[in-house]
Structure formats: structure tokens, C-alpha cells
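Student: Sequence:
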Amino acid sequence: MSMQLPAGGDSDDEGSPVSDINVTPLVDVMLVLLVIFMVTAPMMTAGIPLDLPRTAAAPLSPPKPPLELSITLEGALFLDKEPVPQEALEPRLAALHAEAPDRALHLRADRGIDYGEVLRVMGLVQRAGISKLALVSMPGGDPVAPAPDASPPAPSPTAAPGR
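What the sequence shown shows, in UniProt numbering, is residues 1 to 163, in sequence order.
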């Protein structure tokens with residue numbers, strides 16, 4: 001009295017293993033982990049309650065703004081917008097450096113000034129003891145075009161034949 005029902009598919013599928021992965025348990029585990037992290041995350045940011053010691057130290061003062069040294073096209077020097085004679089620049093910078101040794105200096109030079117003049121002023125700044133020196137420029141804009149009377153650049157050296 002037994003009855004055999006038709007398989008409903010190919011006869012080859014009866015003995016082959018199932019190749020699909022059941023992701024339902026994986027999703028269940030991930031959701032449990034998500035809930036655990038959501039519950040514990042606020043506890044971690046709260047930290048441990050501590051009674052920190054008190055101190056009588058004065059609060060730290062903000063650093064002084066950097067000195068501004070400007071060189072005009074004519075070669076005139078301005079220290080924090082005040083004109084300074086060239087011979088008085090080094091002693092004045094040394095005195096300011098003695099007051100605040102960590103104070104920086106921003107050097108602003110007109111774009112048409114001779115490069116040698118900028119280097120000379122940088123040497124004065126270095127001799128005054130200031131080591132934190134920054135050159136200030138304007139962002140963007142056109143690249144500096146060579147002066148009309150400037151000579152063309154020197155040709156690059158070429159190797160001698162046979163070498």
C-alpha cells in the first residue's frame with residue numbers, strides 16, 4: 001500500500017548537495033552585535049567619573065601673533081607697519097626676540113623686489129636670533145612674468161660627444 005510520488009524535477013537533482021548558503025543566521029548574529037554596540041557605545045564615551053586634582057597654576061596665555069616685516073619695492077622696511085631704518089632692524093629684532101624667543105616672523109616682500117635684497121634681510125633676521133621665519137605670498141593669480149629687460153635663461157649643459 002505504498003504509493004510513489006513523482007519527484008517533480010530532474011532525476012539528477014536528488015543526490016546533489018544544496019549549494020545555496022542560508023544567510024538568515026548570519027543576519028541574526030549581525031543584528032545582535034549591532035544592538036550590543038549601540039547599547040555599549042554611550043557608556044564608553046561617558047568615561048570613568050574622577051575627582052581631578054586642583055592646581056594653582058595660571059592658565060596658559062595664547063601665543064603672541066607673529067611679527068610682520070615688510071619690504072617695499074623701494075627697499076623700505078616696515079616692522080609691524082612701522083618704518084624701520086635698515087641699520088636699526090637687527091638690534092630691534094634682537095630685542096623683540098629676547099622678549100619672546102618663540103615668536104615667529106612673517107616676511108612680506110614686494111613681488112618686484114630684487115631677490116638678493118630679500119636674502120639680505122633674511123640674513124639680518126637670522127643674525128638677530130629669530131629662527132621661525134615664514135615668507136608670505138598671495139594665493140593663486142598669474143605666475144610671475146620675467147621682467148622685460150631680463151636676459152633669457154642659460155642653456156642647459158650638454159654632454160660632450162663620445163661620453
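Rather than coming from a laboratory, the hints here were simulated on the basis of the structure. Careful: at least some of the hints might be erroneous.
[Unchecked claim] Dumping the calculated SDA-like pairs for lysine to any residue here, alpha-carbon to alpha-carbon at most 20 angstroms:
#, residue 1, residue 2
1, K81, R92
2, K81, P91
3, K81, D110
4, K132, G112
5, K81, A57
6, K132, A109
7, K64, A100
8, K64, P53
9, K64, L133
[Claimed, not checked] The calculated label-pair distances, taken between Cβ atoms and stated as ranges, are:
#, residue 1, residue 2, range
10, P139, K81, 30 to 40 angstroms
11, G123, P59, 33 to 43 angstroms
12, L50, R103, 46 to 56 angstroms
13, R111, P42, 52 to 62 angstroms
For glycine and all other residues, C-beta sits at the position ideal for the given N, C-alpha and C.
Student: Now, for every hint given, state plainly whether the structure supports it.
Tutor: Structure-based check of all given hints:
Using a Cα cut-off of 20 angstroms, the hinted pair K81 and R92 holds, with the two alpha carbons roughly 14 angstroms apart. Straight-line distance between C-alpha atoms of K81 and P91 comes to about 17 angstroms, which keeps the hinted pair within the 20 angstroms bound. Taking the CA atoms of K81 and D110, the gap is near 14 angstroms; set against the 20 angstroms cutoff, the hint holds. Distance hint between K132 and G112 is unfulfilled; the C-alpha atoms sit about 24 angstroms from each other, more than 20 angstroms.
Between the alpha carbons of K81 and A57 the distance comes to roughly 36 angstroms, so the proposed pair goes past 20 angstroms and is violated. Distance hint between K132 and A109 is fulfilled; the C-alpha atoms sit about 17 angstroms from each other, no more than 20 angstroms. For the suggested pair K64 and A100, the alpha carbons sit about 8 angstroms apart, so the restraint of at most 20 angstroms is met. At most 20 angstroms may separate the alpha-carbon atoms for a hinted pair to count; K64 and P53 exceed this at roughly 29 angstroms.
Distance restraint check for K64 and L133: the Cα-Cα separation of roughly 15 angstroms lies within the 20 angstroms cut-off, and the hinted pair is therefore satisfied. Restraint check, P139 to K81: a C-beta distance of roughly 22 angstroms breaks the suggested window 30 to 40 angstroms. For the pair G123 and P59, the supplied restraint of 33 to 43 angstroms holds, since their beta-carbon distance comes to about 38 angstroms. Taking the beta carbon of each, L50 and R103 are about 37 angstroms apart, not inside 46 to 56 angstroms as hinted.
For R111 paired with P42, a C-beta distance near 56 angstroms keeps the hint of 52 to 62 angstroms intact.
In terms of the numbered hints stated before, the structure departs from hints 4, 5, 8, 10 and 12, listed from lowest to highest.
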